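Engineer: Sequence:
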Amino acid sequence: GNFSGFYSTDNAPWQGKEINLKNNFVFTTPTEFIIHHDFKKTTYGTYYGPSFVYEVHNCPDQESQEIWRADKIVEFDQNGNLIWSWNVFDYIDTTEYNPVDLISCDQGSFDWTHMNEVYFDESTNSVYTSLRNLSRIIKIDYPSGDIIWQLGDTTLMESVYFDDNYNFSRQHNVKKLENGNILFFDNGTFNSPQVSRCLELEINDSDLTSDLVWEFTLPSDLFTEERGECLRLENGNTIIST
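Here the sequence shown is numbered in the numbering used here, starting from 1 and rising by one per residue.
Derived from the structure by calculation, the hints contain no laboratory data.
Take the hints with a grain of salt, since some may be wrong.
[What the hints assert, rightly or not] The calculated DSSO-like cross-link candidates involving lysine-lysine, where the alpha carbons are at most 30 Å apart (straight line), are:
no.	residue 1	residue 2
1	72	41
2	41	175
3	40	22
4	175	40
5	17	41
6	40	176
7	72	175
8	175	17
9	72	40
10	176	41
11	176	72
12	72	17
13	41	22
14	17	176
15	17	40
[To be verified] Simulated restraints, written as ranges between beta carbons of each label pair:
no.	residue 1	residue 2	range
16	160	43	32 to 38 Å
17	124	163	19 to 25 Å
18	179	107	38 to 44 Å
19	13	211	22 to 28 Å
Everything numeric in this text was worked out from a predicted model, so none of it was measured.
Cβ coordinates follow ideal geometry from the N, Cα and C atoms, glycine included.
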């Protein structure tokens, strides 16, 4: 009956918290982790979500060194101990970046990946994550951390796993459905014309094939450049937040 999520205030660190119906926090992540966008609890009582991580590299096409802001997935036990993590810097090369985001180099740090979703699939011991700025969804083996596949904008990707990238961009809210497919919100920022969609994909991990099995395209006046969500209900309907 409790709720978990990401909380932030002006004078406190961004943290993941669990709160009960009596308005008491029963779990809070350690302050050295900057939790953002998404925070959830597994059925076996651990907590996970994305946390900012920083490294210094040359900003692409420039000689000056800048702070690169990326992300790592962190998992905690009920005592707040870090028990598993997955750092983007360890698995994606810094040559893979989106040129449109270079403007952030002049704003204090290069916003490289901008992870906005982590979905833990306990049935297959895998993790799905969404990297907004790379227009990429990644499936990760748990707990090895090995990448099973990457899906998205192939022009920003050194290793291409699928023949079709479905032309989604700046996506949010990837999750696995009970039928085994994945569902996510395509913001469609780089499409022309700019329209947002919900996409359901069937993906075969063994031979790396994929199919678009359902989509819903929002009218142009409901295009959203940031945020967005698709939620599949038990009766088969889909709620879209835009």
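Engineer: For each hint given before, does the structure comply? Return the numbers of the non-compliant ones in rising order.
Structural biologist: As far as the earlier hints go, only 19 is violated by this structure.
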